[in-house]
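> This is what each chain is made of:
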Amino acid sequence: MKKKLQTEDLAGLAEKLIVQARSAGADEAQVTIGDGMEFSVDVRLGRVENLVEAGSRHMGLKIIKDLKTAYASSSDFSEHTLQHLVRNAVKRAVLGSRDECAGLPPRAAEKPDIASLALFDPRVRELNAPDKIRLALETERIALEDKRITNSHGASFVTNEVTTILANSKGFAGSYDQTFCSLSVGLQAGGTDDKVEDYWFSAERFFKDLKTPEEVARRAVQRTVRQLNPRKIKTQSVPVVFEPAMTAWLLGFLFACVSGMAIYRKVSFLAGRLGERIGNDLVTVVDDGLKPGRLGTRPFDSEGVPCRKTTVMEKGKLLTYLCNTYAGRKLNLRTTGNADGAGIGPNNFYLAPGTASPEEIISSLGQGLILVRTIGHGLNPVTGDISRGAFGLWVENGEIAYPVSEVTIAGNLEKILSQVETVGNDLEFRTAVCGPTLKVEELTVAGS
Amino acid sequence: MIAFENHFDLSRGELRKILDAALSRGGDFAEIYLEYRVYSFVNMEEDIIKETAESVSLGLGVRVLSGDMTGYGYTNDLSPEKTGKAALSAAAIASAPAGNRTFKFKVARPGKNVYSAAHPLHTTRLKTKIGLVKDAYLACQKTSPAIKKVKVLFQDQVQYVTIINSEGLVARDARPQAKLACSAVAEKARRKEIGYSGGGGRVGLEYFRRILTPGQVGREAAEEALKLLEAVEAPAGEMPVVLAPGHSGVLVHEAVGHLLEADFNRKKTSIFWDKMNKKVGAPTVTIYDDPTIPSFRGSYNIDDEGTVPQKTLLIDRGVVCSYLQDRLSARLMNLPLTGHGRRQDYTCVPIPRMSTTYIESGGDDPGDILRSVRRGLYAERFEGGQVEDSGKFTFTISSGYLVEDGRLTAPVKQATLIGSNIDILQKIDMVGHDLAFGLQTGTCGKEGQDIPVGDGCPTLKVSLMTVGGRS
Chain X
889 MKKKLQTEDL AGLAEKLIVQ ARSAGADEAQ VTIGDGMEFS VDVRLGRVEN LVEAGSRHMG
949 LKIIKDLKTA YASSSDFSEH TLQHLVRNAV KRAVLGSRDE CAGLPPRAAE KPDIASLALF
1009 DPRVRELNAP DKIRLALETE RIALEDKRIT NSHGASFVTN EVTTILANSK GFAGSYDQTF
1069 CSLSVGLQAG GTDDKVEDYW FSAERFFKDL KTPEEVARRA VQRTVRQLNP RKIKTQSVPV
1129 VFEPAMTAWL LGFLFACVSG MAIYRKVSFL AGRLGERIGN DLVTVVDDGL KPGRLGTRPF
1189 DSEGVPCRKT TVMEKGKLLT YLCNTYAGRK LNLRTTGNAD GAGIGPNNFY LAPGTASPEE
1249 IISSLGQGLI LVRTIGHGLN PVTGDISRGA FGLWVENGEI AYPVSEVTIA GNLEKILSQV
1309 ETVGNDLEFR TAVCGPTLKV EELTVAGS
Chain B
312 MIAFENHFDL SRGELRKILD AALSRGGDFA EIYLEYRVYS FVNMEEDIIK ETAESVSLGL
372 GVRVLSGDMT GYGYTNDLSP EKTGKAALSA AAIASAPAGN RTFKFKVARP GKNVYSAAHP
432 LHTTRLKTKI GLVKDAYLAC QKTSPAIKKV KVLFQDQVQY VTIINSEGLV ARDARPQAKL
492 ACSAVAEKAR RKEIGYSGGG GRVGLEYFRR ILTPGQVGRE AAEEALKLLE AVEAPAGEMP
552 VVLAPGHSGV LVHEAVGHLL EADFNRKKTS IFWDKMNKKV GAPTVTIYDD PTIPSFRGSY
612 NIDDEGTVPQ KTLLIDRGVV CSYLQDRLSA RLMNLPLTGH GRRQDYTCVP IPRMSTTYIE
672 SGGDDPGDIL RSVRRGLYAE RFEGGQVEDS GKFTFTISSG YLVEDGRLTA PVKQATLIGS
732 NIDILQKIDM VGHDLAFGLQ TGTCGKEGQD IPVGDGCPTL KVSLMTVGGR S
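Chains as they are written, first to last, in this note's numbering: chain X, 889 to 1336; chain B, 312 to 782.
Keep in mind that the hints were calculated from the coordinates and are not lab data. Where a beta carbon is used, it is the ideal one built from N, C-alpha and C, also for glycine. Keep in mind that a hint or two might mislead.
[As the list claims (entries may be wrong)] Label pairs and their in silico Cβ distance ranges:
no.: 1; chain 1: B; residue 1: Arg521; chain 2: X; residue 2: Leu933; range: 50 to 60 Å
no.: 2; chain 1: X; residue 1: Gln1110; chain 2: B; residue 2: Arg521; range: 53 to 63 Å
no.: 3; chain 1: X; residue 1: Asn1016; chain 2: B; residue 2: Asp358; range: 25 to 35 Å
no.: 4; chain 1: B; residue 1: Gly324; chain 2: X; residue 2: Gln894; range: 40 to 50 Å
no.: 5; chain 1: B; residue 1: Asp379; chain 2: X; residue 2: Asn1220; range: 55 to 65 Å
no.: 6; chain 1: B; residue 1: Asp358; chain 2: X; residue 2: Asn1220; range: 40 to 50 Å
no.: 7; chain 1: B; residue 1: Arg521; chain 2: X; residue 2: Gly924; range: 42 to 52 Å
no.: 8; chain 1: B; residue 1: Arg642; chain 2: X; residue 2: Leu933; range: 14 to 24 Å
no.: 9; chain 1: B; residue 1: Asp676; chain 2: X; residue 2: Glu1284; range: 44 to 54 Å
no.: 10; chain 1: X; residue 1: Leu933; chain 2: B; residue 2: Glu715; range: 47 to 57 Å
no.: 11; chain 1: X; residue 1: Val1050; chain 2: B; residue 2: Ala500; range: 40 to 50 Å
no.: 12; chain 1: B; residue 1: Asp358; chain 2: X; residue 2: Val1050; range: 33 to 43 Å
[What the hints assert, rightly or not] Distance condition first, Cα-Cα at most 30 Å in a straight line; then the derived DSSO-like pairs of lysine-lysine:
no.: 13; chain 1: B; residue 1: Lys396; chain 2: X; residue 2: Lys904
no.: 14; chain 1: B; residue 1: Lys361; chain 2: X; residue 2: Lys1218
no.: 15; chain 1: B; residue 1: Lys328; chain 2: X; residue 2: Lys904
no.: 16; chain 1: X; residue 1: Lys904; chain 2: B; residue 2: Lys445
no.: 17; chain 1: B; residue 1: Lys393; chain 2: X; residue 2: Lys1154
no.: 18; chain 1: B; residue 1: Lys589; chain 2: X; residue 2: Lys1120
no.: 19; chain 1: X; residue 1: Lys999; chain 2: X; residue 2: Lys1154
no.: 20; chain 1: X; residue 1: Lys1154; chain 2: B; residue 2: Lys586
no.: 21; chain 1: X; residue 1: Lys1154; chain 2: B; residue 2: Lys538
no.: 22; chain 1: X; residue 1: Lys1120; chain 2: B; residue 2: Lys423
[Unchecked claim] Computed footprint of chain X on chain B; a stretch qualifies when at least three of its residues, placed anywhere within it, have a C-beta under 8 Å from a C-beta of chain X:
no.: 23; stretch: 419-429
no.: 24; stretch: 485-492
no.: 25; stretch: 663-674
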């Protein structure tokens, strides 16, 4: 009940700021308020290392005057500061330039059914600190039982509860509550001079969906020890299998290249290529903001536009870009409900699964590399070029032969998507951007 | 104009109350971190000033240490109710009766002022900042008709911090920070490339008038993009690598700096934890981290725990000599503070971080270094890098050149280089006498906290390194 009152207070504040902005001279105004609670515990070697518990608020304002846009934000909710920011935003807007595409979206007709999206788990709020600490301790303890594990980066349990409030001068007013929880552990194996490391995590909105300490610990151990005694391989071009976390990484790069912002700025190799075949038949990519209970799900985006399901690429053909209102106007497309802050972000953005099991894919590999981790930078949306440090498993005769480290992979996203050989059936929505196991014909692996 | 400096309107009595609450369960040490930050942003693209933004961030963090454990709470509501709650959240880490403690507050005398903002940007008119952005934009655009898209952004902020702890320390700082950055897309015969440039630091308006003009930033970004239009694929495989002075400092940051941060060594997760006073690199390699270089982006008068920082010798002629310390690790390792406890903002606990990390000049002539390579790569501009505690690190060049018979030949495109840190330190066989520092635009991420940093190095040769090109 207390929480409800606070939400109403903050919704009232949002409305008040819109009125103030309008009377200061803004043609249009939009206010977002985030009100969050965070709990996190890090444990290491059986002891609590860090314990954080806090609440914080944040306000974001967008105003448009004469088709000129200005933003302001604050974590200081004093009336004095907020009034100053509102007035100053209108003054600053005047110094900007007219932009025919500026402005808020028209008010949507439909009201989202927030309850059906399963964003909030009361259990997450009810968990007490000792229980949360115990989950982290338990996860690390199980991991350390394996004698091959020589050191720990520690285990963490995190919960978040966030209320999002959005209102604008076109009459939109909405709010939703959401919860998150995650359990993770990072490990090292090997001696000081031949260390290998990895981690694993489970992140969910609902506590009941979270993987158990046992499952998280076992995966982290398995991922770490499989890298022991790595070899460096010769520079060559080979078929590569992407583990699901690596497909997710590739999809993250694809998202950056289909984001309407990158398209209208012409800093994506996919600009001007709607309707073209970018990938082969096996590549279908979807953005879906309405999958119940998933991490990337939300009723409406940061402009109040209802989220939806958008097929971005179907059997390799590029169908649409992902847009907010502004990018949509620039590109003569519609917003896809992907506004995120002042930019564009993914909802649940994923590569649709195929039918092969990961085991089948690996045994079909013959000779090649399973990509398990990458580090570094090296993604260029303008060209689609990829170049990263890589860790993997070398496969011979369809079986894992030995781990590989200190190599790099180099390729091009368009070429990768057109050379997909198999898509796995193991899609899990572990992260908002995700995908199943993927096999591609060829990448350059640079080694010795 | 808001008198931002006065936003921590807490009396000594109120501060004492917060510290008392923080230590009410018997912690060893309590600290209040107060932050007020005012940020401004201008963005130009498609020939118009697309948007401006202004942001205010206010918050208070309370930290309690109890042995090797940390409790933390924060709030952006400075009411006694909320600050008291933050203190009790932090206090929960300890579980003993409250000690009987009294605090004698002593305001720390400021040391050397490393900021140089004669004309502070947070009081500069928006019109003037827009002028800087337009100058960079136009300079970039008119470099060549092949430049098809330009984006320029200008950011400036001032961050007021006050740190008060249960040892009685009261330390204050007002840190300016500015950045002008330009990206340019060049197009020729359906090929497209992007170039970047930028600069800034703990500076005022005068810096962009006299030291690094917007015109220079715009032209550099354009020239980088134009050069890449002619670039060939980088080679793949092991080869000698010559690092250009300045920007190549990212190698030091990744290969050495991170792994000498004290927390990783206290926890023995860093490959360096058992190598203090041991030789890990070639005798030509001497590395410092210096938070006191005037006006640099990574510099500060006090760190985020109120410690006056020191130029810290990390590697002396190949031998490990110091870690980068914060209070917690220094106390647990029984080593002196170095002033490297930094945090992103009031929502974060301080952890050991770098400031400006660099390799000291050596004795070699840069021309001789190049002439010593028959076939290799000259790494010139960088996108960034990453390291893990095992010492495996990468850095990605955004452009460079092929080296053939001791001369630079074709420009090459983006490629990632990978190595193992101690192996690479031992393979640095030539060090130039031309130390320079990289673009003052760098940001380093660790445990989810982003902070401004810088790096530097002279011309260097690594005798053998894996280059991840495609040809």
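> Can you give the numbers of the hints that this structure goes against, from lowest to highest?
Structure breaks hints 3, 4, 6, 15, 16, 17, 19, 20, 22, 23, 24, 25.
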